[in-house]
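In terms of our numbering, the sequence shown opens at residue 3 and continues consecutively.
Just so you know, the hints here were simulated from the structure itself, not pulled from any lab data. Just so you know, not all the hints are guaranteed correct.
As the list claims (entries may be wrong) - Computed spacing ranges between beta-carbons, pair by pair: (1) 172 to 66: 30 to 38 Å; (2) 65 to 143: 30 to 38 Å; (3) 146 to 61: 18 to 26 Å; (4) 157 to 42: 34 to 42 Å; (5) 137 to 62: 31 to 39 Å; (6) 159 to 88: 16 to 24 Å; (7) 55 to 97: 16 to 24 Å; (8) 42 to 119: 31 to 39 Å; (9) 60 to 157: 17 to 25 Å; (10) 158 to 66: 13 to 21 Å.
Don't be surprised by glycine CBs; every beta carbon is placed ideally from N, CA and C.
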Amino acid sequence: DWSVSGVQSCALPISTAASDNPAIPKTPGDDSAGMDANDGMVPFCGTYTTVVAEAGFIPPTTALLDLWGEGYATHLGKSTWYSLSSVDVVTGVQSGSTVEIAANGDEFHYDYLGGSILNEETGEYSFWGDWVVTGGTGRFAGATGGGTYEGKADGTQWTGQITLIGEVSRPSHRQYMMD
3 DWSVSGVQSC ALPISTAASD NPAIPKTPGD DSAGMDANDG MVPFCGTYTT
53 VVAEAGFIPP TTALLDLWGE GYATHLGKST WYSLSSVDVV TGVQSGSTVE
103 IAANGDEFHY DYLGGSILNE ETGEYSFWGD WVVTGGTGRF AGATGGGTYE
153 GKADGTQWTG QITLIGEVSR PSHRQYMMD
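I would like the entire structure built from these sequences, with the hints used as guidance.
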């Protein structure tokens, strides 16, 4: 199931998230979502359940989070999600780097920048922003692209969910020899 309660689902058309995102490279002739069969970009969507593995604080206002998760993403299938995040607890600005690891060990890398807000009554955080591919390994070596993300996190249980929607360069289907 790609849906996460209270979080945008991967079942939504890709164009709803990617159409005006400046992080997604567009070329002349692309449709409104920036996709064209000739530019090598393909839709991407991933949904992960996450947990805070470790947390720290840099005074005066920066929280550091080491996050792990599991879920599914197009072009990766069932995969592991790992992120290092910093959050300004006053402004809500968050940034970080993420690696998604496919079952065969291929890695998909991206950086993100966004915002977050705490619902003080429920202890739930909502977060959102943009992500930009920074490369990868295996079939994701040299990958490009980007999109948007959104999610929710339980500030009392240190668990959360995240959904990413966008487009990426078509993954390579070359076979790699192992020594």
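Hints, one by one, checked against the model:
1. The hinted window of 30 to 38 Å between residue 172 and residue 66 holds, with their beta carbons roughly 35 Å apart.
2. At about 33 Å, the beta-carbon gap between residue 65 and residue 143 stays in the expected band of 30 to 38 Å.
3. Taken as a hint, the range 18 to 26 Å is violated for the pair residue 146 and residue 61, whose Cβ atoms sit roughly 37 Å apart.
4. Here the CB-CB span from residue 157 to residue 42 is close to 40 Å, well matched to the stated 34 to 42 Å.
5. Taking the beta carbon of each, residue 137 and residue 62 are about 34 Å apart, inside 31 to 39 Å as hinted.
6. The hinted range of 16 to 24 Å is satisfied by residue 159 and residue 88, whose Cβ atoms lie roughly 21 Å apart.
7. Range check, residue 55 to residue 97: about 18 Å between beta-carbon atoms, so the 16 to 24 Å window is met.
8. For residue 42 and residue 119, the Cβ-Cβ distance of about 36 Å falls inside the hinted range of 31 to 39 Å, so the restraint holds.
9. Separation of residue 60 from residue 157 is about 19 Å and conforms to the stated range, judged on CB atoms against 17 to 25 Å.
10. Against the hinted window of 13 to 21 Å, the Cβ-Cβ separation of residue 158 and residue 66 comes to about 19 Å, which satisfies the hint.
Checked against the numbered hints above, the structure breaks only hint 3 and satisfies the rest.
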